[in-house]
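Single-letter residue listing:
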Amino acid sequence: MSREDGSIAASASERGADRPVSGASEAPGKSTTVAAEPNQAAGQPEPARPSPPPIMTPRQVVGRIGFYTVIALATAFFALPMLWLVSTPFDDTPGLSISLPDLTLNNFRDLMDNPYALGSLLNSIVLAVGAALLVVIFAALASYSLSRVKIPGRDMLLYALLLLSSIVTGTAAMVPIFLMMFQLGLIDSQIGVILVLSGGLLPAAIFILKDFVDTIPKSYEESARVFGASSFQILRHIVVPVIRPGLATIAVWTVVNVWGNFLVPFILLRDTDKQPAAVLMRTFYTEGGAPNLALISTFSLLYSIPVVLMYLFVNRKYGFRFHGGIKS
Amino acid sequence: MAQTTSPATEAAPDEPDESASGGGTRDPADGGETDVVGLGKWRASAFVAPAMVLVAVFLVFPALWTLYIGVTNYRLTGVAARTPEFVGLDNYTQALGDANFLNSLYLTLVFVLFSAVIGQNGLGFALAWRLQDARGWVKRLVESLVLLAWILPSSIVAFLWIALLDRDSGTLNALLGTPGLAWLIEYPMASIIIFNIWRGTAFSMLLYSAALASVPPSQLETARLVGASRWQTLRDIVFPHVRGHVLTNTLLISLWTFNDFTPFLITAGGPNGRTEILPVYIYNTAITGGEMGYGAAVSLIMLVINLIIAMFYLRLLRERK
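Residue numbers (the working numbering), protein chains in the order written: chain A, 1 to 328; chain B, 1001 to 1321.
Just so you know, the hints here were simulated from the structure itself, not pulled from any lab data.
C-beta atoms are modelled at their ideal positions from N, C-alpha and C, and glycine is treated no differently.
Cβ-Cβ distance ranges computed for the label pairs, FRET-style: (1) B:Pro-1050 to A:Gln-233: 18 to 28 Å; (2) B:Leu-1064 to A:Gly-185: 18 to 28 Å; (3) B:Gln-1232 to A:Asn-106: 54 to 64 Å; (4) B:Val-1053 to A:Phe-232: 15 to 25 Å; (5) A:Tyr-220 to B:Arg-1140: 35 to 45 Å.
Please model the entire structure based on the sequences and the hints provided.
Here it is in structure tokens:
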């Protein structure tokens, strides 16, 4: 149960004009049918095609106009709410509407003056990094074993995990989880939040990583063994480097999920000092009176930057295509 | 929830390790697994154990415990907090007779149907389809915006929409020339539906882009040569190729939308419970109201609905194999 929201679909496939998405971790053989077709088509002699007429017919003109209208509307729909996030932090008189700002950095002073704002970002980092470490390490160990050693009932186990992770979501399980943490005295514990979130993210992480491990030829480990490497050395020096892209994917995915998660820390952390940005932000505008827009806008901007950077990184490195569609 | 299987390629988790046998040294007798590193069963189990413990404690146990809490009158405070009593199916009969619960169930259905099944599905497909012919930079721009809407933290996007829809100085009213229109009070349900379409279309768009890339160009070319209209091409050539993905996508986004808590950040269920979808209803009754037993009963209903959708999804994956 990756709790509630925040999501990313990272991909291991390259972005290319005519290159179709090959699937999870590009396991050879899994996606060959998909991958082969366009290449073949490209290699075939082109059927004689009539060259396009140089002047568009009125119908085509209308079609083009319609096409760009649709695209423009879609762009406006998706961009409109986000403009506020870009303009208001630097606006001399921050308001709710979007306006061309009289540039200023004064709003950031409100951010510095707030006793909890920067601390909550730190808390978000603690939660995200803690969960990422736990998920990456545990998932790596588990997925390697599950890929290489026949443990009885393994396939059933994988099925059960897949099922569980999709039905026991943060919202559906908030009552028992809250009650459990309440009785264990783990309310207001960041460790508690990390454990709950990791438990929810692990099944998916194991799946993705197992796909990565499955693609490593066993001869790698075998040859290392022939040369007398110990199990630990093989894992440390052969397996880990080979599945590093997988580990990175899992880490980024976990961080984005935890960074944006609202529900779990919202119900488990009552102490303002411990709340992450997602939860603290709500107190800026719901507790009576007018919302402090200078604070909200600058805080939102700061809080969103890591996600945007990670998006750019993933987009650049892998292309934002399908791998595991992972949304909590 | 976290879904791992890539619908685009059906790299299903149930796929046994055959694909991993790149080494070519596999002994057919042991079914494809070779414990090349020499972990042994015990150490292998020890590797799996930490993950399984976390999953058992934070996924399996809560699900099972919901069954128990749901048949008690457990409350967070008061007498029933110390000694919860067994009340049988009272919570369930209470829920089914409660107008608020039934209203919440109905709102959830409307929310999922319009924002996910129709909205995200339709807009996601339309974008994927239209962006195929768009120029590089147009495509990148639109895709980036759609993806950003998807990955920004929910607390931020919730406030962005509150600002957009604000009664007095919201941008939407300024654009439409409807000053003073309080969208979140007049049309709360429509607002969170549109919001959720904005928020979640990225997944459908990505999935359908991948699916559309698998339509053989030669067939599209043939359709073009015989003069098929855009609509005919869509219906007779493209749709048969993406039909499976439509089902996969619909199931996944329905499941996610059904479990989405983000509308709480915009309307908190109000005004007057008019946007109190099930997740918000559970929060309001159990966490705020302290009625744990009743909340658990409603949670179980939610878990069962999740289970049904997930079973459909798994069956679909298995058939596809």
